[in-house]
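Given chain X, put chain A in place with the hints provided.
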Amino acid sequence: MTSDDAVRSHRPAKPADSRPAGPALAPGTVSVRGLTKTFGAVTAVDDLSFDVLPGRVTGFLGPNGAGKTTTLRMLLGLATPTSGTATISGRAYADIPDPLREVGAALEATSFHPGRTGLDHLRTYAPYAGADDTRCHQLLEQVGLGAAGRRRVGGYSLGMRQRLALATTLLGSPRVLLLDEPSNGLDPEGIRWLRGFLRHLAAQGMTVLVSSHMLSEVQQSVDDVVIIAGGRLVHASSMAELSALASPRVAVTSPDGPALDRLAAEHRWHVSSRSADGTTLEVDHVSTAQVGAAAFAAEVELHGLLDKTDSLEDLFLRLVQPTTSGAAA
Amino acid sequence: MNVALRSEYRKFVTTRLWWVLLLVMAAYMAFIGIFLGWSIGAGTAGLAVEGSSPGADLASPDSVRSSVYGTAAAFGYVFPVIIGALSMTGEYRHQTITPTFLASPSRTRVLVAKMIAALPIGVVYGAVATLATVGGGAAGLALGGSATLLGDTQTWTLVARSVLALTVWAPLGVALGSILTNQVLAIIVILVYTQFLEAVLRLGLTQVGDVGASIASYLPGAAGEAITGGSVFSSAGIADVLPWGAGLAVLAGYALVLAAVGSLTTLRRDVS
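If you read the protein sequences in the order shown, they are chains X and A. Taking the working numbering, the leading residue of the first sequence gets 13, the next gets one more, and so forth. Taking the working numbering, the leading residue of the second sequence gets 68, the next gets one more, and so forth.
Don't take each hint at face value.
[As the list claims (entries may be wrong)] Facing chain X, from chain A, some residues (calculated, C-beta under 8 Å):
{"hint": "1", "residue": "70"}
{"hint": "2", "residue": "74"}
{"hint": "3", "residue": "78"}
{"hint": "4", "residue": "81"}
{"hint": "5", "residue": "83"}
{"hint": "6", "residue": "157"}
{"hint": "7", "residue": "161"}
{"hint": "8", "residue": "162"}
{"hint": "9", "residue": "166"}
{"hint": "10", "residue": "168"}
{"hint": "11", "residue": "169"}
{"hint": "12", "residue": "170"}
{"hint": "13", "residue": "172"}
Think of the hints as simulated: they come from the structure by calculation, not from any bench. Glycine included, each C-beta is placed from N, C-alpha and C at the ideal position.
Okay, chain X solo, but in the shape it has when bound (with noise of 0.2 Å):
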């Protein structure tokens, strides 16, 4: 897949879709459009086009190094792009009046003053969203450092930062929610809190967007995935267009190639590899037992039946892949 098929085919009209009609650009609605970056040589961020949706947690997927970060930074006017357009709600970020109001953003766990408390943080920050105390004590309760709010933050775990960090973000009560790997130092309870809790943001008509390296840390709590590599868009669908790129696949070996040849077209099968002898075949969208069953019906001896249908993190790498990715589609 290219990255413009994937720019084309990132919001198909589907009946069972559940995805908000309306214009492209409703209220938090984040887009962006051909955004590049360059450091001197290297391209960081390469003509990257996406749009991520309001009421929806969408995962901002890719590996180390893809230019997540990066693009969130341009995203809210840290850094400046060399090319093309990043805005939240059809305005720049630095064009957003009172920008805590609208936007929350966390980029790294580490943006804190060790001998600052965790409610002065937050009291440090809350003049530029318009919360009083009582809604930083409210913040520190809902991420539950309720008793760590008077405590240092140099005495925390990167857990209790990160939950900070979110606390951060929700002072403005803001609609656009981004977030840089979240989840890193959070342990295992930690995360599925947070997955709940971006789901009840969402589902509140939020727009949630969570960037993260791991499609594993995801999946079960994103409704839709941008996912680059290299700095470019390799795929943007919902969750569900993602796992159904997971076709079923099935590597067939036979003694009998030229059998195994016959079976395949008489049932059409969409043979996407052939091994030089002839003797293995791989055929998607078919599964173990259609072909097991045709081969059986054909006469045909079969030495080998392989399930070769993808993970979901089989397929992400392969999607991030910079040599492979463009096979997906």
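Positioned in the frame of chain X, the structure of chain A alone reads:
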């Protein structure tokens, strides 16, 4: 701007730095005050008895006043500069600059808010530094057997101007920090300049002649001293000082120029 000011004020007061540095400064300035008061007090007491012409100048109340009580602004200004600079460099060091610029995409607004918020901090630092110096200096003068001059109006005028000078140094430090965002580098530059380079420059320029001497009087440290009306440097004839109003304008000018440079260069860069 109001919300930015409240945010910056909270940043100042929610870490321990401001009062730790304040205590260090108070102790340091009191010590210098005692030392200078005692040595000058003892020295001039002897000279006054002799009544000879070379000592008469150094022993005059004006000279003693600026040499002892003027020290707060002459030596102590490094502290408000550092507390100001750290308000900027600390944000880069602890990466809180990211949430700060997320809250205020206008980086110039952040810089201006920090400079304004540094003014009350500067007043506190200026008052504590000056009072510590005057307290230590008066004790030292008394120990040295000299008059403390605390009853003179001029002494309290000097105290007020010293607080004013030190107040201006705090936003100047913020502006400097907006250019040198690396905290360690900023502190080194501040220490080297204030404790060494400025004095060397002033001495060197004064040797060059009248032009050099008048250039020297426009150096930031000299401008700060001018606000208080001179110090041990000018009393010792090392440098001339500007009128106090001109000194104030020059020092404020340095702060504004540094802020403009920081705003147009370092603050424009990508935050990583």
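Each hint tested on the structure:
For residue 70/A, the shortest C-beta to C-beta distance to chain X is roughly 4 Å, which falls under 8 Å, so the interface hint holds. Interface restraint check: residue 74/A against chain X, minimum CB-CB distance 5 Å, threshold 8 Å, status holds. Proximity of residue 78/A to chain X holds as hinted, the smallest CB-CB distance being about 5 Å (cut-off 8 Å). This hint holds: residue 81/A has a C-beta 4 Å from the nearest C-beta of chain X, less than the 8 Å allowed.
Taking 8 Å as the C-beta cut-off, the interface hint given for residue 83/A holds, the closest approach to chain X being about 6 Å. For residue 157/A, the interface hint holds, since its Cβ comes within 8 Å of a Cβ in chain X; the closest pair sits about 7 Å apart. Against a cut-off of 8 Å between C-beta atoms, the interface hint on residue 161/A holds, since the closest Cβ of chain X lies about 5 Å away. A distance limit of 8 Å between C-beta atoms decides the matter here; for residue 162/A the minimum to chain X is near 5 Å, and the interface restraint holds.
Given the 8 Å rule on beta carbons, the hint for residue 166/A holds: about 5 Å separates it from the nearest Cβ of chain X. Taken as an interface hint, residue 168/A checks out: its beta carbon lies about 6 Å from the nearest beta carbon of chain X, inside 8 Å. Given the 8 Å rule on beta carbons, the hint for residue 169/A holds: about 6 Å separates it from the nearest Cβ of chain X. Hint status for residue 170/A: holds, given a least beta-carbon distance of 4 Å to chain X, under 8 Å.
Taking 8 Å as the C-beta cut-off, the interface hint given for residue 172/A holds, the closest approach to chain X being about 4 Å.
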